[in-house]
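Can you make the complete structure from the sequences, with help from the hints?
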Amino acid sequence: MSAADQGDGDREAALPEGRGDLPRQDDAPALWRDLRRFTDARVGLGRAGTAVPTAAHLDFQEAHARARDAVWSALDVPALARAIGLPHARVRSMAADRRSYLLRPDLGRRLAENASIPHAPGTVAFVIADGLCAIGVQRHAPAVLQRILPLLALPPGPIVIAEQARVALGDDIAERIGAAAVVVMIGERPGLSATDSLGLYITWAPRRGRTDAERNCISNVRPGGMGYDDAAAKAAWLLRAAQRLGATGVALKDDMPAIALPGP
Amino acid sequence: MAAMPFAQTLGGTRFVFDDLKTLLARATPLRSGDVLAGIAAASAAERIAAQRALADLPLSHFLSEAVVPFETDEVTRLIMDRHDAAAFAPVRHLTVGGFRDWLLVAEPAAVTALAPGLTPEMAAAVSKIMRVADLMQVAAKCRVVTRFRNTIGLPGTLSIRLQPNHPTDDPRGIAAGVLDGLLLGAGDAVIGINPATDNVEAVMRVLEMLDRVRDRFEIPTQTCVLSHVTTTMLAMDRGAPVDLVFQSIGGTQATNASFGVSLSVLKEAREQALALGRGTLGDNVMYFETGQGSALSAEAHHGVDQQTIEARAYAVAREFHPLLVNTVVGFIGPEYLFDGKQILRAGLEDHFCGKLLGLPMGVDVCYTNHAEADQDDMDTLLTCLAVAGVTYVMGVPGADDVMLAYQSTSFHDGLTARAMLGKRAAPEFEDWMTRMGIGLDADRIPARLSPALIGLE
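Those protein sequences? They're chains A and W, same order as listed.
Using our numbering, the first residue of the first sequence is number 630, and each one after it goes up by one.
Using our numbering, the first residue of the second sequence is number 46, and each one after it goes up by one.
Where hints are given, some of them may not hold.
[Said to hold, decoys possible] One side only, chain A facing chain W, incomplete, derived with CB under 8 Å: (1) Phe-689; (2) Pro-734; (3) Ser-822.
Bear in mind the hints are in silico, worked out from the structure with no lab data behind them.
All figures in this text were calculated on a predicted structure; none of them were measured in a lab.
Cβ coordinates follow ideal geometry from the N, Cα and C atoms, glycine included.
Structure representation (structure tokens):
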């Protein structure tokens, strides 16, 4: 414990302080900046002293502003229904509005009174839900759904559009359907780089009270993340594996080979 | 273990608290998760009444009344079984209020020696009657040092976990983030990736890539892919280069069940990792993450407030001698910690309780976009934590995690905290940075860290 002295401020930090002036974004060293070819992460930002330069700082603030607004985006249900182009039911959770949804996740997991859900035992039910951001659901859910349907080993069940919904609302819905499995396609929390991520949660033998450890998740489905075809193939693979095993979640190890499965 | 009610009269009003867990819940500074659970104080007056009653409670009471039943919860059994009466002796005679005063006066060695004698509930209780400054100065007295390939937690150091997550686990995308972080002094705590999926093959690919980068650059640090413990065990079975075994844990048996783990699984995983013998300086092979609210989220909180449950997770952690433990304080969302103020207090409570219980405690200083918080709140928390001697914080490119969709601290933030407070990296890592020429010329990547060496061409 004696190898280092108490921090007493009289020694420089391990990196130099920088030059005090404000370098522009373009002044970032070429090689360093070139790291951005490999990732959308905020690498190669350069430095102003130990902080980020002004341009990078304001880029961040702008992205945060957009994400804040995205949290409050609402699902355009008629447009979503048109894009799906298949029969569907429409339900709401017990959360009356966005603020209630954010502060009371328990309400987002329970169906509102008088929900009308079709009965279709033994099927794979699909719940399309706004979740924490409606933008990705609106943009990507219809395309992913269209790609999953032809890959199913079990009969496709009802499609249910759900508002102010948490993942576990799918358990409540699917239990009433009598579904063998449910795929919840739900808007993920918006990030700074992406405000349109879709998540797919797959639960075998869904019923109220299932925990998250009993689900498998495919996250960050969007053109810049996991593509539609890959997401659909993985979902279909997980559903087949779940049917064999009779379970999803921790018990179902995702060891799907990396090679692409044959398409529809 | 029969519960007795506690009472406190305040300005002519008599407040009664049915049992210990109710007293603790009502005494907890306001946060949305306890309101959501329906256990928070109904008024500011009820809260301070509970705090006064709690301050008068003998510490020894915590050894006779469990907040979660002993019979049905293996975490409670672990807490009781591991309690060290000899270590507890110096404070055995104190009330919770007297304990606060004792902590503020005591020398670092005395505070540090207390850890095995304290239960998580004692630590949580005293934190509830402490201000932020109290939490900071007492935590700063605790000495916790751990080792794998370097030495974490020496006085005057602040380590950084390099967290270069990528939305599809693309090896070159991750490598670019690693290099960026190394050039900004991050990575001495661990180079740790949250994988986009729990696919064993994908996890093994990232493990092998990280190990190659560490080997090429000869970095005295450890790597980790934060997959589920059972996935990591499978990867070890298949010969993957696993330095640290990661797992998210909670403070009740049912919370851990919701994570798909138990004490026996964690024990088995640790033994498997120890058998690999990959640590050069020490054998702290576990890495845990925690966070207030996970028990309520899993409906596994037993009516106990979220901060007390969080402290109980530290009893789980310390059983397995981890290299690193961090609370992911603002990740869980506004239904548990509503805004920057609640996140600030929770982060400092978690750090304090972890340190007091003997853990190498770090904090993921973070928030999500649906919380009422921003980067200013994170700057404040990071600075307070660095003053409090936090073991490590996260380093994420530009503070923006493009995989997990939340904001943490950036490489730059780590540099800034170190520079402002005169903190340094782990000594082995600092020597390595000097050897590699990091920081000598801010405009160029040192030749020894050529991107070509790790496949970035």
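To see whether the hints hold, each was checked on the structure:
The restraint placing Phe-689 (chain A) at the interface with chain W holds, with a minimum CB-CB distance near 6 Å, inside the 8 Å limit. Of the supplied interface hints, the one on Pro-734 (chain A) holds, with its beta-carbon coming within about 5 Å of a beta-carbon of chain W, less than 8 Å. Restraint check, Ser-822 (chain A) versus chain W: the minimum CB separation of about 5 Å is within 8 Å; hint holds.
Of the numbered hints listed earlier, not one is contradicted by the structure.
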